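Protein chains: 2
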Amino acid sequence: MPEGVTAGEVIAGHLAALAVRFLRAVRDRQADEAAAAAALRASGGRIAAALHTWEPLLDPGWARELRPELGWLCEEVTREYRYAARLARLTGALHRLAAGRAAPAGPSAAGAARAGALLERRLTQGRSRARSAALQAYGSGRFHAVADAVALLASDTPLAGRATGPAGQLLPPLAAGACRALADAVAALPLGVAGSPYNTQALHGTLADPAAPAGGTGNGSTGSGGTGTHGSGDEGEGDGEDPRDTPWHRVRVLARGCRYALEVPGAGPPPPGMPQAAGLYGAGRALDRHRDAAEAAEAAAGAARTPRITPATAYALGVLHADQRTEAEAARYAFSTLWRPTAPATAPSGGPTT
Amino acid sequence: MPEGVTAGEVIAGHLAALAVRFLRAVRDRQADEAAAAAALRASGGRIAAALHTWEPLLDPGWARELRPELGWLCEEVTREYRYAARLARLTGALHRLAAGRAAPAGPSAAGAARAGALLERRLTQGRSRARSAALQAYGSGRFHAVADAVALLASDTPLAGRATGPAGQLLPPLAAGACRALADAVAALPLGVAGSPYNTQALHGTLADPAAPAGGTGNGSTGSGGTGTHGSGDEGEGDGEDPRDTPWHRVRVLARGCRYALEVPGAGPPPPGMPQAAGLYGAGRALDRHRDAAEAAEAAAGAARTPRITPATAYALGVLHADQRTEAEAARYAFSTLWRPTAPATAPSGGPTT
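Residue numbers (the numbering used here), protein chains in the order written: chain A, 1 to 354; chain B, 1 to 354.
Read the hints as simulated data drawn from the structure, not as lab findings. In this text the structure is predicted, and so the values were computed from the model without any measurement. There may be inaccurate statements among the hints.
Unchecked claim - One-sided and incomplete, this derived list gives chain B residues near chain A with beta-carbon spacing under 10 Å:
| id | residue |
| --- | --- |
| 1 | Val-5 |
| 2 | Asp-209 |
| 3 | Leu-320 |
| 4 | Ala-330 |
| 5 | Leu-338 |
A virtual CB, placed ideally from N, CA and C, is assigned to each residue, including glycine.
Next comes chain A alone, as it looks inside the complex (with noise of 0.2 Å):
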């Protein structure tokens, strides 16, 4: 970073950047709407991130208005797709524990069927639903109102007055406390249980009723992303997620938060004791798939409630629900070989690494 340059600079060009790749999302949403959701997702959630880092250098209350807006819409114009991404995981799935030995028409193979039909049709209800509140999203004032908002970033961002300060003194600690915020996070995760391969802990309680009758734990109000909303808002499905995931799914959002701050020029390099920002980006990418498999998981236990399904039926979603807990499992041991610091919690910060 050039001495002269301010911390504000920096950011006002960084966030500028994100918004025009929003706005040209908004405004090319009608030629591909998957493309446009996911760019909408993707520079929505490194904006809701970015005020959450560097909001001691920004307007204060218009960022902390603006990051929960953010997170409202990325699920909005997201959800639909979840869905359909949940259907697939859970058809290849069937396909994969109905593979092999074939015999025609046995009851297995038959609850399998069932249940694959079972969930295609709760799935596609869901992505239905999800679909109309989108089309509503997109046409509403709340919408605009953002963008409105994402505009402002990409043309005259509101700074906070020290922002004027230089940026190679403000930028390294304000990110590096993003960092820290998620070395506390995975600190407090059973690493050393989820290193052990088929430590059994994801099966664990499979078979418990939750406390709680239903709704979700996850508001979106857990970590820096502002688009960690797992789990909330899937009406009629699963019964909330499971307590014990919901540390995962934070450290998902806080890895996302970390690896976007150090992506700011000047930022500086991860402080000791965390991944490099390969190893950020593939561990976050073990948690993403934990929380598809959880997520997974649940919808086949919602599923399995259904009234009136057969006995074969809810065998075959069983063993779907074991299997996508496992994976889940799986995911959590990826992470855990994925987390290699670069150098113990207690070396100076500030080595010659770049």
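Following the hints, complete the assembly by docking chain B onto the known chain A.
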């Protein structure tokens, strides 16, 4: 092995010691049935394995006749205990699966409780049948004929003419032969896949129906041990073993045969490319767990085919089936990590190891 000791002397001594243990177990059966059954199984299994490994040193017709009879006996006297162990394994797994998040009488917990009750009923019935069969076996002429044949081993082992050759020359190649059979069988296992955690192989095809309608494929003739009686004769439960488990069951029996062979004085060290004794033992234990989990999974699948069970029960049995298949996968993983060759298979045999 001192010069001048004949192979026949060593093998006769080895078999006599085993025969004494066997006959003591027969004598003491009334005092502690479970202990006697375990001792009969252990000594009978070792005798059967020895008859196979050292067959060229024994009266061939005689050894070949006794081996399957010992297999029958070991199976008969231990089957009831294996039902009890299977029930304990499944009950423990259900407790683990239903642990945590205590909600009184939710549908999943009710399903788990009903599944547990159903399994208890079925496996207790199986155990009772096995117990009747064992009592009948103990009183049968067939049992007494086996005991008489074993008594002959204790006093006057029927040797082949070539058994007068020197032990140091005749025993090592025969022991190596038993171990080579194991090495060949292990080489045919998919260890690359099994050694990669969470490979999902054991769940693959869980929801496929078997091509053959019923009946196990294992009839005790697959290996050298003579007690490899997995899967057969468990009436009304499961639909026979998964053919993809069969090579693993075969290795389990062969690993025991190799380990037993190496225990005979003068048999020499494990051939190159093979774990040492402790490794062989651990690897064999992993395959015991593999068999137990595979059989427990079959018991869960069999229970799920009970007419008129509730969907919640079927669901719990599906989760349990998947859980036990995952345990089987974990056991394969454990085997693949324990199977550490002492040297590459191309190294010359007869190194300095003792």
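Check: Is the interface hint for B/Ala-330 satisfied, with its Cβ closer than 10 Å to some Cβ of chain A?
Finding: holds, 3 Å
Check: Taking the closest Cβ pair, is B/Leu-338 under 10 Å from chain A?
Finding: Not OK, violated: B/Leu-338 not within 10 Å of chain A, min 14 Å.
Next item on the list: Would you settle whether the hint for B/Val-5 is holds or violated, based on the nearest Cβ-Cβ distance to chain A being less than 10 Å?
Entry: Hint on B/Val-5: violated, closest Cβ of chain A at ~47 Å, above 10 Å.
Notebook entry, point to check: Close enough to count: is the Cβ of B/Leu-320 nearer than 10 Å to one in chain A?
Noted result: holds, 8 Å
Notebook entry, point to check: When the nearest CB of chain A is found for B/Asp-209, is that gap smaller than 10 Å?
Noted result: holds, 2 Å
Against the hints set out earlier in the document, violations occur for numbers 1, 5.
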